[in-house]
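Protein chains: 2
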Amino acid sequence: MQGIDFWFSIGSTYTYLSVMRLPDVQEKSGVLFNWRPFSVRSIMLEMDNIPFAKKPVKQAYMWRDIERRARHYGVPARLPAPYPLSEFDLANEIAVLARDEGWCEDYVRSTYKYWFQDGLEAGSDANLSKVLSEVGQDMTRVLRDARSDVVRKAYAAATDEARAKYIFGAPTFTVGEEVFWGDDRLDDAIAFVRSAGR
Amino acid sequence: MQGIDFWFSIGSTYTYLSVMRLPDVQEKSGVLFNWRPFSVRSIMLEMDNIPFAKKPVKQAYMWRDIERRARHYGVPARLPAPYPLSEFDLANEIAVLARDEGWCEDYVRSTYKYWFQDGLEAGSDANLSKVLSEVGQDMTRVLRDARSDVVRKAYAAATDEARAKYIFGAPTFTVGEEVFWGDDRLDDAIAFVRSAGR
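Those protein sequences? They're chains A and B, same order as listed.
Counted the way our numbering counts, the first sequence spans residues 1 to 198.
Counted the way our numbering counts, the second sequence spans residues 1 to 198.
Just to be clear, a hint being listed does not mean it is correct.
Any copy, or any two copies together, can satisfy a pair, since identical chains are not distinguished.
[Stated by the list, open to error] Cross-link-like lysine to aspartate or glutamate pairs, in silico, EDC-like; alpha carbons within 20 Å at most:
(1) Lys58 x Asp24
(2) Lys153 x Asp24
(3) Lys58 x Asp48
(4) Lys55 x Asp100
(5) Lys58 x Asp184
(6) Lys58 x Glu161
Rather than coming from a laboratory, the hints here were simulated on the basis of the structure.
All chains, please: the whole structure from these sequences, using the hints.
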């Protein structure tokens, strides 16, 4: 069976739901997920797609909706979490490094856990020190390598790849050229993979 | 069991899915839906919430997403349908009149059917003549009454009521103060009604 590319940016709020439930979804569905960090912020700014800043009513709804859905999935959440992120790029550059080194999923899940359950903003020193300790990485080394040219280029290349697939938001699930935007389209993506396999 | 208010504007694309599947949903769930036409366009303009105009990538995705979900629900669709509407307000003012006179659901369903299945833009003469004939209403009489002060005031009052409930998009389902935005939150709204009833 074909896998699903899971395009995410740390900083996206609804991505919390996907990050927390993907292990269970993967086990139950048998579908493999390929975790792809990219900069949804760059793409959204290019498109003038600014869903929540200066839209307080919509933002308040977003938190309430996430709260309800987190409860539905049995995922704890202390909301609203700090938002938006000051260190958006750093948090995602570390994810790019972590992907290359094989500890991406643990890093992202731990990052979201401290952000959405303990109120420690993703990408902040307070969050990073907890998370990197938890995933067994040295903070000084990680910060140095995450800011290297190699990682920055890989981050930009992933964002270019997302743009070329017409991705405009996060989380997004892709199966070949087929795009499914939002945690609430994960079931549709799985159904698509299954029907494509028949 | 408490009912659900179904806030809609003819002109919203995802509302097609809700309009077509509500009879079945109502029968299977036993939940009653109170159809509430309002001007989502007014509210979105006030909030500078412009999801698709000048966002071609997002708009193309929207049509593909609706196509997939319509197929999933077994609802026919010839997409993209003409969009956005030139006669948005007229289409909804007629819905307000129809609601007062008891033929709202039939009018809205017929309007969407000719718009999304036959390519006849909602609110256009071509759409209205087919629809009003189908629902047994005289077009001259309806156009006159829909443009009356009484209807315009009722339309504005419904929009004020939606705004006061913090509604910012369509379709929206409300249960008391609880807001569920989008056709894809209909199941959440039904679950909420059921849990509130216990």
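Status of the hints after comparison with the structure:
For the identical chains of this complex, Lys58 and Asp24 are neighbours neither inside a copy (30 Å) nor across copies (30 Å), given an alpha-carbon limit of 20 Å. Taking CA atoms no more than 20 Å apart as the test, Lys153 paired with Asp24 passes in neither setting, with 32 Å inside one copy and 51 Å between copies. For a Cα distance limit of 20 Å, the shortest separation of Lys58 from Asp48 qualifies both inside one copy, at 17 Å, and across copies, at 11 Å. Taking identical chains as interchangeable, the C-alpha atoms of Lys55 and Asp100 are never at most 20 Å apart, the minima being 37 Å within one chain and 33 Å between chains.
Taking the closest pair of Cα atoms, Lys58 and Asp184 come within 20 Å of each other both inside a single copy (17 Å) and across two copies (16 Å). For a Cα distance limit of 20 Å, the shortest separation of Lys58 from Glu161 across copies, 17 Å, qualifies, whereas the shortest one inside one copy, 29 Å, does not.
This entry does not satisfy hints 1, 2 and 4, going by the numbered hints stated previously.
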